[in-house]
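**Q** In the order they appear, the protein sequences are chains H and X. Going by numbering that gives the first Met the number 0, the residue at position 747 of the first sequence is 746; the numbering climbs one at a time, nothing skipped. Going by numbering that gives the first Met the number 0, the residue at position 256 of the second sequence is 255; the numbering climbs one at a time, nothing skipped.
Don't read these hints as lab results, they were simulated from the structure. Being a predicted model, the structure only gives us computed values, none of them experimental. Hints are supplied without guarantee of correctness; some may be wrong.
DEER-style ranges, computed between Cβ atoms [claimed, not checked]:
1) X:K234 <-> H:A96: 34 to 42 Å
2) X:E200 <-> H:M201: 23 to 31 Å
3) X:D235 <-> H:M201: 23 to 31 Å
4) X:V6 <-> H:G74: 47 to 55 Å
5) X:V6 <-> H:E58: 53 to 61 Å
6) H:K302 <-> X:D138: 42 to 50 Å
7) X:E200 <-> H:I29: 26 to 34 Å
8) H:G150 <-> X:E208: 50 to 58 Å
9) X:E208 <-> H:N786: 16 to 24 Å
The C-beta atom is built at its ideal place from N, Cα and C for all residues, glycine as well.
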Amino acid sequence: MPKDSGIGASSKRREDVRFLTGAGQYTDDINIHGQAYVHFLRSSIAHGRLNGVDTSTAETMPGVVRIFTGSDFEGVGGLPCGWQVTDRHGEPMQEPAHPVLAQGKVRHVGDPIAAIIADSPSQAIDAAEAIVVDLEELPAVVDMKEAVKNGATKVHDDLTSNLCYDWGFVEENKDAVGEAFEQAAHVTTLELVNQRLVANPMEPRVAIGNYNRANDESTLYTTSQNPHVIRLLMGAFVLGIPEHKLRVVAPDVGGGFGTKIFHYAEEAFCTFAARQINRAVKWTCSRSEAFMSDAHGRDHVTKIELALDADNNFTAIRTDTLANMGAYLSTFAPSVPTWLHGTLMAGNYKTPLIYVNVKAVFTNTVAVDAYRGAGRPEATFQLERLIDKTARELGVDPIALRRQNFITKFPYATPVAVEYDTGDYVATMDKLEQIADLSGFEARRKKSEADGQLRGLGINCYIEACGIAPSALVGQLGARAGLYDAATVRVNATGTISVMVGAHSHGQGHETSFPQVVAEMLGIDEGMIDIVHGDSSKIPFGMGTYGSRSIAVCGSAMVRATEKIITKAKKIASHLLEASEADIELKDGQFNVIGTDKSCAWGDVTLAAYVPHNYPLEEIEPGLEETAFYDPSNFTYPAGAYACEVEVDPATGKVTIERFSAADDFGNVINPMIVSGQVHGGIGQGIGQALLEHGIYDENGQLLSGSYMDYAMPRASDVPFFEVDHSCQTPCTHNPLGVKGCGEAGAIGTPPAVVNAVIDALHSGGHTHVTHIDMPVSPSRVWSAING
Amino acid sequence: MYNFEFVKPLSVADAVSALSDDGAQALGGGQTLIPTMKQRLASPDILVSLANIVEMRGVKHFSGNVTIGGATTHEAVAAADAFAGLTTLAGNIGDPAVRNRGTIGGSLANNDPAACYPAAALATGATITTNSRDIAADDYFQGMFTTALEEGEIITSVTMPIPEASNYQKFDQPASRFALVGVFVAKYAEGVRVAVTGASEDGVFRWSEAEVALSANFSADAIANLSLDASGMIKDLHGSKEYRANLVKVLTGRAVGLAS
Ligand SMILES: Cc1cc2nc3c(=O)[nH]c(=O)nc-3n(C[C@H](O)[C@H](O)[C@H](O)COP(=O)(O)OP(=O)(O)OC[C@H]3O[C@@H](n4cnc5c(N)ncnc54)[C@H](O)[C@@H]3O)c2cc1C
Chain H
0 MPKDSGIGAS SKRREDVRFL TGAGQYTDDI NIHGQAYVHF LRSSIAHGRL
50 NGVDTSTAET MPGVVRIFTG SDFEGVGGLP CGWQVTDRHG EPMQEPAHPV
100 LAQGKVRHVG DPIAAIIADS PSQAIDAAEA IVVDLEELPA VVDMKEAVKN
150 GATKVHDDLT SNLCYDWGFV EENKDAVGEA FEQAAHVTTL ELVNQRLVAN
200 PMEPRVAIGN YNRANDESTL YTTSQNPHVI RLLMGAFVLG IPEHKLRVVA
250 PDVGGGFGTK IFHYAEEAFC TFAARQINRA VKWTCSRSEA FMSDAHGRDH
300 VTKIELALDA DNNFTAIRTD TLANMGAYLS TFAPSVPTWL HGTLMAGNYK
350 TPLIYVNVKA VFTNTVAVDA YRGAGRPEAT FQLERLIDKT ARELGVDPIA
400 LRRQNFITKF PYATPVAVEY DTGDYVATMD KLEQIADLSG FEARRKKSEA
450 DGQLRGLGIN CYIEACGIAP SALVGQLGAR AGLYDAATVR VNATGTISVM
500 VGAHSHGQGH ETSFPQVVAE MLGIDEGMID IVHGDSSKIP FGMGTYGSRS
550 IAVCGSAMVR ATEKIITKAK KIASHLLEAS EADIELKDGQ FNVIGTDKSC
600 AWGDVTLAAY VPHNYPLEEI EPGLEETAFY DPSNFTYPAG AYACEVEVDP
650 ATGKVTIERF SAADDFGNVI NPMIVSGQVH GGIGQGIGQA LLEHGIYDEN
700 GQLLSGSYMD YAMPRASDVP FFEVDHSCQT PCTHNPLGVK GCGEAGAIGT
750 PPAVVNAVID ALHSGGHTHV THIDMPVSPS RVWSAING
Chain X
0 MYNFEFVKPL SVADAVSALS DDGAQALGGG QTLIPTMKQR LASPDILVSL
50 ANIVEMRGVK HFSGNVTIGG ATTHEAVAAA DAFAGLTTLA GNIGDPAVRN
100 RGTIGGSLAN NDPAACYPAA ALATGATITT NSRDIAADDY FQGMFTTALE
150 EGEIITSVTM PIPEASNYQK FDQPASRFAL VGVFVAKYAE GVRVAVTGAS
200 EDGVFRWSEA EVALSANFSA DAIANLSLDA SGMIKDLHGS KEYRANLVKV
250 LTGRAVGLAS
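Sequences and hints are given; from them, build the entire structure.
**A** Given below as structure tokens:
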């Protein structure tokens with residue numbers, strides 16, 4: 000029977016009441032008495048030498064408080080990069096300076112040149128129009144293949160080239176992989192593009208800097224997935240404000256998808272300027288501005304090859320990728336095409352030899368960084384498109400080829416440095432075949448044919464590394480921070496609980512699912528427990544939410560802290576019940592003396608902790624509050640199998656998704672409804688990437704899809720009803736909840752399933768010359784492929 | 000957005016006089032003009048709202064014609080169900096918010112090359128009535144964003160002869176959901192008219208070869224051997240010239256098949 004509370008219950012998302020009734024408190028809802036507004040004058044060209052900025056007229060305009068340019072930031076730090084990748088030759092990556100406001104050069108459309116602070120937003124914009132910028136246009140470097148050529152225009156004059164790094168993984172395997180290809184019975188090669196995406200959270204970014212002269216404290220309110228990370232980066236590297244004088248608050252956040260992980264110039268600016276003018280400074284990003292200043296995602300160009308023996312066993316994989324960094328290194332950018340990508344290249348398969356080469360490239364485009372899935376969707380897309388192509392070349396069933404090569408024994412050490420602790424890829428594939436009704440597919444195909452439509456089936460398997468991340472390991476790989484998390488469980492006198500967590504909820508439903516765990520452990524009502532997050536002054540510490548890490552890492556810290564609470568509460572109960580501690584059990588919110596009818600309630604114990612009249616004060620302290628930090632010992636490895644069925648209209652090239660099924664293994668599941676919702680959202684985004692979205696620059700570095708007139712977002716009518724299942728559960732072996740994380744799976748598993756389905760549909764219509772179509776698989780691209 | 004004055008005249012005459020001011024501009028539903036002003040790409044000093052002019056609202060039928068007030072919203076046109084093609088067209092413009100504000104007069108005055116109404120007006124041989132004259136649709140559309148309207152001239156109504164059968168086929172541009180290509184087919188006793196929007200660099204146009212073929216034989220087969228010259232077609236992120244030329248033909252065939 001389904002549970003109605005605690006772990007495994009589909010408790011209703013309590014935060015939705017405020018979101019759906021307009022009571023959410025977003026950063027833009029915060030207004031500080033006397034605040035001024037900043038507008039950023041941004042470069043309209045992709046590359047240019049900045050010879051001067053004349054603000055003299057603008058400064059005299061009505062309402063203008065102060066105007067800042069790059070020279071005001073000469074003594075201030077630049078925006079730091081949080082990850083240093085070491086290249087094939089053991090050298091550190093090239094790391095350019097990233098000033099808060101442009102100095103000397105502008106390097107992408109949207110690069111901020113000046114910041115105008117005024118009494119109202121429109122006065123700031125008016126003044127911006129009066130600023131005269133002396134900008135000498137330089138040729139723009141947009142195409143990655145051009146950017147890495149000898150003699151290409153350099154994005155950063157002080158670097159040796161546009162190459163950030165040339166990464167080989169695992170470098171020692173390179174020759175062995177080469178030999179395996181020479182001995183292969185069959186080799187399949189595929190060149191593909193994983194196109195640039197713009198994350199487009201519903202809420203654009205907002206930052207408010209405030210400074211309190213009385214205690215010399217700065218506060219930044221910001222749309223962030225990880226306020227402590229921002230405090231760390233901005234305080235230590237940019238502005239030199241010590242932690243105890245810097246508070247970062249990220250209240251309700253309207254979607255992040257990765258793009259709100261990073262530390263942005265506007266945050267540093269508002270915090271810095273508030274101190275300079277002794278007034279709060281607010282910035283609200285417009286949608287047009289978001290397109291040109293938010294970090295984008297993906298943007299890889301790859302050649303991938305698969306070697307097989309005569310029995311169709313995978314023997315080796317080799318990839319060559321160009322990964323766009325944009326003009327500057329965003330916070331985690333270097334890690335995405337390397338450690339979040341190369342390490343996943345084994346997928347669900349026992350390929351013994353793998354070599355991944357990634358060249359990260361600077362271009363005159365906005366920075367590219369993690370976006371839902373980050374590196375893992377790119378790896379999965381390459382591998383799963385390639386396997387499909389291989390199956391077609393060999394004339395074998397794509398499911399059978401996958402099954403034959405599945406990893407079946409765990410733990411499994413891949414040739415790309417990670418160890419999958421557990422999984423059951425056969426089980427998820429079996430489940431998929433059932434929920435997707437694959438046996439009925441041929442009949443559905445015939446029916447579509449009768450309607451003049453081409454029907455195709457696309458299969459995809461994925462594996463991801465989540466629960467980011469073991470600190471010691473990522474430290475060796477170049478991370479400049481630890482990736483543990485923390486939680487404080489504060490039990491109040493009446494027994495209600497506030498849990499201060501380092502994870503940040505911006506749509507994931509933590510306020511519902513986290514209390515379910517504590518409620519289960521203590522046997523009390525979920526309604527007695529609240530989550531506090533998003534404020535560095537309220538929570539102990541935390542690295543935030545991304546990489547499907549919240550429940551696996553922060554949830555584990557919360558479990559550890561709750562275990563400490565239980566230990567102490569049992570001590571108190573044993574005192575109250577005059578029994579030995581070893582004889583006390585906590586069950587359904589009651590402390591019982593095992594084997595007797597003696598018991599006391601949860602509330603008796605919590606009250607005693609705060610009113611310690613009858614209390615073992617000589618042994619333990621009063622109060623009931625515990626903190627735990629948790630550092631995972633490995634990543635978690637969610638995995639699954641997805642099936643997509645499409646209809647293609649051969650006359651127009653339009654693709655319609657008719658069915659979509661997902662069988663995921665997330666280990667243990669806290670709230671099945673929330674997990675389904677996360678998968679639904681991920682699939683929606685995956686369909687967006689597969690069919691619709693494209694951040695596309697022209698050769699001059701102008702963003703052609705810089706608004707919703709040209710950037711196509713998925714809408715409800717673009718997706719079918721999803722069939723999702725997460726009943727295949729191989730619990731994670733190394734965290735206390737046995738959970739793996741579910742936030743990114745949909746975005747990782749979906750794009751290859753969709754594209755595989757489209758190719759299958761075209762083949763069924765006799766268009767067998769079409770072996771690949773790059774995403775987005777738009778009607779015009781499909782039509783051109785058919786008629787090409 | 001820059002600051003502006005806002006006036007709400009109650010009659011066409013008052014609107015015309017308000018528009019005689021330099022820097023005054025008519026405001027229909029604001030679905031094009033307001034976003035343009037927000038981007039600071041338009042900066043009228045005075046906005047003259049046409050929304051409260053009762054004589055410019057509503058849909059009336061008489062002797063085989065339908066007359067639509069220039070300030071009538073897309074939603075009202077869809078609800079009036081004047082004839083099949085027009086109802087589908089109006090009901091599929093943008094989203095409910097756009098349909099509840101946007102007006103036929105604004106759409107025709109703007110003459111966006113991807114807008115839907117120009118196809119209906121041209122295919123039905125509509126008469127565009129302004130505060131000072133009647134303009135035949137064939138003379139009205141003069142290329143992308145260009146019309147026969149004079150400065151300050153207001154579209155007060157549009158009159159369309161009701162066809163025997165009609166259909167509008169819109170192929171959505173994936174992002175904006177304007178027409179990547181839209182084809183309006185209208186069948187009259189005197190012959191068939193086919194108007195195409197979204198496709199040409201010259202804006203909405205009549206596909207005359209198709210009209211001749213369909214007037215002789217109103218079936219998709221009649222155009223099977225026709226092909227459209229792709230050279231004057233629009234090329235952008237969402238489709239090549241050839242793709243658009245293909246869509247024109249495919250959608251025309253479908254419109255004929257579905258005309259009612
Ligand atoms: C999200 C979105 C989606 C849309 N999708 C579609 C679509 O699929 N198909 C489509 O066809 N359109 C679409 N539109 C356009 C919309 O339907 C409107 O028709 C269009 O924006 C213009 O009408 P309006 O009444 O809003 O005019 P306004 O924006 O108020 O004005 C536009 C121009 O016309 C002038 N004007 C307005 N009324 C008159 C008049 N009576 N006489 C003379 N001049 C006048 C104004 O001065 C201005 O220059 C979309 C718009 C949006 C915002």
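**Q** Determine for every hint whether it applies to the structure shown.
**A** Consistency of the hints with the structure:
no.	hint	verdict
1	X:K234 <-> H:A96: 34 to 42 Å	40 Å, holds
2	X:E200 <-> H:M201: 23 to 31 Å	36 Å, violated
3	X:D235 <-> H:M201: 23 to 31 Å	27 Å, holds
4	X:V6 <-> H:G74: 47 to 55 Å	53 Å, holds
5	X:V6 <-> H:E58: 53 to 61 Å	35 Å, violated
6	H:K302 <-> X:D138: 42 to 50 Å	57 Å, violated
7	X:E200 <-> H:I29: 26 to 34 Å	48 Å, violated
8	H:G150 <-> X:E208: 50 to 58 Å	52 Å, holds
9	X:E208 <-> H:N786: 16 to 24 Å	21 Å, holds
Of the numbered hints stated above, those contradicted by the structure are hints 2, 5, 6, 7, listed in ascending order.
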